[in-house]
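Using the sequences and the hints given, assemble the complete structure.
The letter at position 480 of the sequence shown is residue 479 when you use numbering that gives the first Met the number 0, and the numbering goes up by one with no holes.
Incorrect hints may have been included.
[What the hints assert, rightly or not] Each computed BS3-like pair below joins lysine-lysine, with the alpha-carbon atoms no more than 30 Å apart:
| hint | residue 1 | residue 2 |
| --- | --- | --- |
| 1 | K193 | K183 |
| 2 | K477 | K421 |
| 3 | K183 | K477 |
| 4 | K183 | K421 |
The set of hints was computed from the structure by calculation and includes no laboratory data.
As the structure is a prediction and not an experimental result, all values here were calculated from the model.
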Amino acid sequence: MDLVVILGDQLTPDIAALRASNAASAIVLMAEVGTETTYAWHHKQKLVLVLSAMRHFADELRGLGWTVDYVELTDPDNSQSLDGEVARAARRHGATRILATEAAEWRVRELQRGWSAHTGLPVDIAQDDRFIASHAMFDTWADGRREWTMEFFYREMRRQTGLLLDGGGQPLGGRWNFDSENRKPARPDLFMPKPLSFAPDARTQGVIDLVNARFADNPGRLERFGYAVTRRDAEQAQAHFLSAMLPRFGDYQDAMLTGAETLYHSVLSPYINLGLLDPLALCRAAEAEYLSGAAPLNSVEGFIRQIIGWREYVRGVYWHEMPGYRDRNALEARRDLPWFYWDGQTDMNCLRQTIGQTLETAYAHHIQRLMITGNFAMLAGIDPFQVHEWYLAIYIDAFEWVELPNTLGMSQFGDGGLLGSKPYAASANYISGMSDYCQGCRFNPRQRHGADACPFNALYWDFLVRNRDRFSANPRLKRSYMVWDRFDPDEQAATRAHAAGVLLALEAVAARRPDR
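So this is what it looks like as structure tokens:
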């Protein structure tokens with residue numbers, strides 16, 4: 000008898016472990032365990048999404064003829080660990096071997112590697128072929144390169160998949176990348192579409208009640224939970240995005256607008272990361288929108304790049320660099336994460352809007368994450384591991400393999416430039432240009448010091464000065480250093496003094512999360 004172990008982010012009916020067995024001679028184990036619900040201080044909506052999607056997927060498998068042994072979190076016999084539940088199920092069913100698909104996260108793959116010793120049974124761990132680039136393929140691409148430029152990796156993914164290529168293997172439109180066309184600020188639009196929302200069914204409501212009772216102190220709120228928890232609903236969300244939002248996604252993918260939480264973003268990443276949507280099939284569907292004339296090339300290329308480019312790239316970096324990657328701190332940032340990251344209570348409107356939205360929905364789009372919450376943390380010298388812990392806990396689509404390189408690498412420059420050629424540092428000028436947040440803020444985005452000065456400004460210049468030895472030769476930052484050197488000494492001193500005051504005030508409100 001095969002025991003096929005399916006994890007909470009492996010909700011795909013033809014995943015490798017299931018293909019390696021058959022419904023007539025296998026038991027599928029799915030288990031909700033305490034170690035997985037508490038390894039991060041998860042947002043309540045993230046817990047509801049994963050647990051409800053798991054329960055619905057068990058029904059989907061049963062409908063396909065599989066026998067599913069599903070262990071709920073509140074089962075009195077639940078050992079509350081994956082190791083314990085695998086061992087219990089192996090004994091319960093008299094299993095002769097264990098089948099699994101490789102876990103997406105390092106720590107869980109290490110658990111899988113110990114299951115044979117734990118149970119005395121052979122364990123077959125299949126490669127997760129839902130990704131385009133295998134570990135070996137990424138390692139071959141990366142090894143020997145002086146710089147791991149995502150753009151070049153992305154082109155390899157385009158060639159491998161054939162997406163947006165002509166008959167001669169050249170990029171449609173004559174360019175690989177249309178990112179320069181995708182940086183328009185947005186204006187309020189009453190007719191702006193929104194991602195589909197799904198009313199909780201009885202099963203999801205049961206999970207909501209469980210999370211409210213068992214994880215009452217976790218961050219986030221559940222009143223607005225409306226994520227898809229079934230494959231059918233996730234596919235409806237995909238179809239809605241492709242028809243209603245993809246055509247304008249490219250133009251406004253970097254914009255931020257008060258009250259427009261998603262703009263034209265798909266909010267499909269949680270469904271892709273759980274296995275409810277196939278990423279390559281989604282890219283081919285987006286390509287079909289361009290080929291039919293329904294969506295422009297800049298939008299379709301930008302969307303596809305996020306999936307087969309950036310998503311595949313950060314997974315490759317994660318597995319190539321773990322387990323030591325999470326401990327990197329190239330800028331030697333040591334400050335504690337300010338408490339307002341957990342409650343949203345700050346006078347800086349851009350942070351208040353982004354964090355408040357995140358607490359309500361467990362979602363913020365990539366520019367809000369990179370250029371608001373991430374930018375501020377890096378400028379302020381926040382410990383990148385604490386920033387990583389926050390992102391992993393708070394976002395609906397955050398699993399360590401995708402979140403850690405995005406946060407520690409791209410957002411915080413903690414890996415010293417492995418992912419990015421320069422730190423994503425910006426003053427209030429960027430935020431003012433790409434959002435309307437500054438209009439509703441008590442701080443002035445044009446002032447560097449003084450009572451009304453936006454903290455981003457002084458912190459930006461202070462960050463550059465603190466790290467001058469590291470960045471002054473960077474060709475993408477030389478202009479900024481030239482501007483700083485033209486400030487008169489009094490202006491420089493006043494700006495740095497204001498930054499010191501901001502940092503001192505941050506230390507007064509910094510706190511580790513209360514479950515530690």
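* Asked: Any of the earlier hints contradicted here, and which numbers?
  -> none
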